[in-house]
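Trainee: Listed in order, the protein sequences are those of chains B and V. Heads up: the first sequence at position 150 corresponds to 150 in our numbering, and the numbers run straight through without jumps. If you want our numbering, it's the position in the second sequence, counting the first as 1, plus 1000.
Hints listed in this document are in silico derivations from the structure and should not be mistaken for laboratory results. If you're wondering where the values come from, they're calculated on a predicted model, not measured in any experiment. All residues carry an ideal CB built from backbone N, CA and C; glycine is no exception. One thing to keep in mind: the hints can contain errors.
Interface residues of chain V toward chain B, partial, derived using beta-carbon atoms under 7 Å [said to hold, decoys possible]: (1) Val1052; (2) Thr1056; (3) Asn1070; (4) Gln1076; (5) Ile1080; (6) Arg1102; (7) Ile1103; (8) Arg1140; (9) Ile1255.
Label pairs and their in silico Cβ distance ranges [to be verified]: (10) Asn1054(V) - Ala18(B): 48 to 58 Å; (11) Leu155(B) - Gly1138(V): 40 to 50 Å; (12) Gly1014(V) - Leu504(B): 35 to 45 Å; (13) Phe254(B) - His1084(V): 55 to 65 Å; (14) Pro1131(V) - Thr244(B): 39 to 49 Å; (15) Phe254(B) - Ala1120(V): 36 to 46 Å; (16) Gly1138(V) - Arg508(B): 54 to 64 Å; (17) Pro1066(V) - Gly114(B): 22 to 32 Å; (18) His1084(V) - Gly241(B): 38 to 48 Å; (19) Gly114(B) - His1137(V): 42 to 52 Å; (20) Leu155(B) - Asn1054(V): 54 to 64 Å; (21) Asn1054(V) - Asp450(B): 40 to 50 Å.
As a plain string of letters, each chain reads:
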Amino acid sequence: MAPIGKPGSRADLLLTLARLVLPDAVRRSKQPLAVAIFVAILFLVFATAATLGLLPAVFAIEGAALRRNLLSLIACSVTAIALLVQVVLRVPVTWLLDLEDLLRLPVGFRDLYGLRFALSTIGYWLPVLGPATVYLTVMRSGSVGGVPITLLGILSLVWIFGRAAAILSLLVNRSVEGKLGALALVAITAAVYGAILLGGMAFGGELNSDGIVRSVEESAVLGGLSYTPPGLVAGIVHEPGPSTSNLAKLGSLFATLGVLAMLENRLLLRGYLERPGGDRRAASCSLPVARLLRKAKRLTPTGVLTLIEIECLLRLKPARLVLATVLGFALVLIPTLGGFALGPAAILGVFLNDLRVSKQPPTCYAWRESLTLPLPVWRVFSASGSAVNVVILLLFAFLLGLASLDWFGWPFLVVAICLMLATFLMATGGYSLMQLRWPGRNDGFINDLDGAKLVAALVVGHLMIGPGILCAVLWELLASQRMTPATAALIAVGVLLLAAATALASRRRRREVLQARGRELLLKDPSH
Amino acid sequence: MEVIKAENLTRSYGGNVVVDGVDLDVRAGQILGFVGPNGAGKTTTWSMLTGVLNPTSGTVRLLGRPMDINDTDLKQQLGIVPDHSVMFESLTGEELLLSYARIYGLGREDAGQRTDEALAVFDLEDAAKRPITTYSHGMRKKIRLAAATLHAPRVLFLDEPFEGMDALSARTVMSILQQMAEQGAAIFLTSHMLDYVERVSTHIAVIRDGKVLLSCSREEFRELPAAEGEDGAGRLENLILSISRRERFSRLSWIGNRSAT
């Protein structure tokens, strides 16, 4: 390792520790370093593209009020989403404060605390927000004298963000259960949706709705947001330079930072300083179903069946893909900003899909596992393969976000909803039945050559994509006016009824199996 | 000089007093073996002495200064070997030692030289380039011990240093501890390996139910009258057995029944 500075100095010590903690953090995330770097670079590329596409377009808007409010909106949205994602994902703050080992080294609690929070808050956002910071400092400082003002403004906002994230994390530092785990998915989806929206706006070039333009321009709420820390920074870059008003804004930012730092130190952190070893409990979250199962005192076969069906959707990769597709269909039908809705649908789908990608468990095994091993939130993002899939989907969603899709019309909405429900029912019915028939662990077809199982998987898999294909065919027939909407709706309802009948038959059969074999089937050791 | 001094050290969790008014005094050149049955309060005391747990009442002074977790100058003179796993397990043994040397302010040349020497003495040369995750329990203990002694600390705290070690490694560790004590270091160790503790310690303290029952030099300890029914095992082991609130020779009823039939 190359030397950093004077050995034993505080700076040298912190840098050495940072170099030790970083690989440790990467290792804890169980993400290969190469993947982490790859993802960071891709985020950097996306962020640079979005920055260069969006910000010059915003600064090119002629109306000052619209420009100012739009900047405030962007700054506040990005900060709020980042904060939400940070807090939700970092809720197991015990790791941040579990400093017992590190505290034995010649380093103080506050230094370690700061180091860990810096690495786990600001560090994550560098590739995402770094390009915008560089762009604003270089291109939106007005003059050389304006550079320190802009830079200090952005840095103080970053610091405020870190303090706010720390305070919120300290406040909600408790074991996380299913709701927050689900919220993490939503938050991530919202964050990516926001990014796609902004990117799409950037490449789309303009806001094409007069109503939206007017509401942004005249909004009192957005005017009020300009007094928040992100809004103040937006104000600085809007009219850059060493002016009195910018110095006042900078002073306000510093004052906010001071208040937050005092709050963090005096009110919250002091409680942790009393027990410097920290709380060693590992905070974790579990899926809602697992929580229900753990708390359930008595489970009826029907109740178990329902839970299995939910588990199927959450845990089985093909079923999750179907659910993702369903969500994709659902969201794309919203006639808002063209194809933007496809983005979050795809991202949500990928998270659902990758939730347990490394496991491939049949429900019985998954259920047994979920009873004993709560799923930590971060596993959602560290499952092998998920990072690459996220990136691919992000790219896919980003490209789709650029496309403008027309409103499909009400008849097709009915058709699509019917077919979505049909897909859903087939997925649950088919895969649930498979779980009861083959309750052992699925080691893949190569290691587990069971012809019947293979055929069943293929049939069920293809059955599930049937409604999707039919949906596309009906859309084509409707668009070319070779079929009336009423006929299409009738066909769709028919498919839905057929799927419902299949699901009911499947459910009846599963109930019989469960009544005959009981819960031990579900808790059977998967190794046997 | 009093290097480790604890006065009326008490720690309670809720109403449960785990350590109750412990007084300790370890001087330069002394090795204090701190022993007791499971749950006696050894690790809690150890944690308070090393600063990672604040006492409910009482004080800890190290090298004449109050123990403060933020006193980095003081911590620079301590070496601490905890019972549980090694930090930064993704690093190789060599990287860990070089990093620790850096953290404790050693120059590059000194760091490299001491790292090589420590790896050789603790018989870790072959494993030096391997991640610590691949180490056995005993090897992890040794690498942790090597890391804690690289900077020649004036105070050394060890929690179960001999656990998982083979006889040769344990003998090496004992030899190093004795050398450090001869050089003026004060050493505080807790262990269940009573034979080793009896051999290496200059002083012995016995704790039970959070209270120190006995604190004396090794010589004084050996002069204590033998306990009733004492067999050929070590004196310390007999003492711990005698203060443990359990039957000395317990047996499982069903195993007894089986052998009877």
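Trainee: Each of the hints needs a verdict: does it hold here or not?
Mentor: Evaluated hints:
1. Val1052: It holds, given that the least Cβ distance between Val1052(V) and chain B is near 4 Å, below 7 Å.
2. Thr1056: violated, 11 Å
3. Asn1070: With Cβ-Cβ at 4 Å, under 7 Å, it holds.
4. Gln1076: Status holds, d = 4 Å.
5. Ile1080: Where the cut-off is 7 Å and the nearest Cβ of chain B is about 4 Å from Ile1080(V), the hint holds.
6. Arg1102: holds, 5 Å
7. Ile1103: holds, 6 Å
8. Arg1140: Since chain B brings no Cβ nearer than about 13 Å to Arg1140(V), farther than 7 Å, the hint is violated.
9. Ile1255: violated, 28 Å
10. Asn1054(V) - Ala18(B): 48 to 58 Å: violated, 27 Å
11. Leu155(B) - Gly1138(V): 40 to 50 Å: Given range 40 to 50 Å: holds, Cβ gap about 48 Å.
12. Gly1014(V) - Leu504(B): 35 to 45 Å: violated, 55 Å
13. Phe254(B) - His1084(V): 55 to 65 Å: violated, 43 Å
14. Pro1131(V) - Thr244(B): 39 to 49 Å: With a Cβ separation near 57 Å, Pro1131(V) and Thr244(B) fall outside 39 to 49 Å, so the hint is violated.
15. Phe254(B) - Ala1120(V): 36 to 46 Å: violated, 54 Å
16. Gly1138(V) - Arg508(B): 54 to 64 Å: Holds: the Cβ-Cβ distance is about 59 Å, inside 54 to 64 Å.
17. Pro1066(V) - Gly114(B): 22 to 32 Å: With a Cβ separation near 24 Å, Pro1066(V) and Gly114(B) satisfy 22 to 32 Å, so the hint holds.
18. His1084(V) - Gly241(B): 38 to 48 Å: Taking Cβ atoms as reference, His1084(V) and Gly241(B) lie about 56 Å apart, which means the hint is violated.
19. Gly114(B) - His1137(V): 42 to 52 Å: violated, 34 Å
20. Leu155(B) - Asn1054(V): 54 to 64 Å: This hint is violated: roughly 35 Å between Cβ atoms.
21. Asn1054(V) - Asp450(B): 40 to 50 Å: This hint is violated: roughly 60 Å between Cβ atoms.
Violated hints for the displayed structure, listed by number in ascending order: 2, 8, 9, 10, 12, 13, 14, 15, 18, 19, 20, 21.
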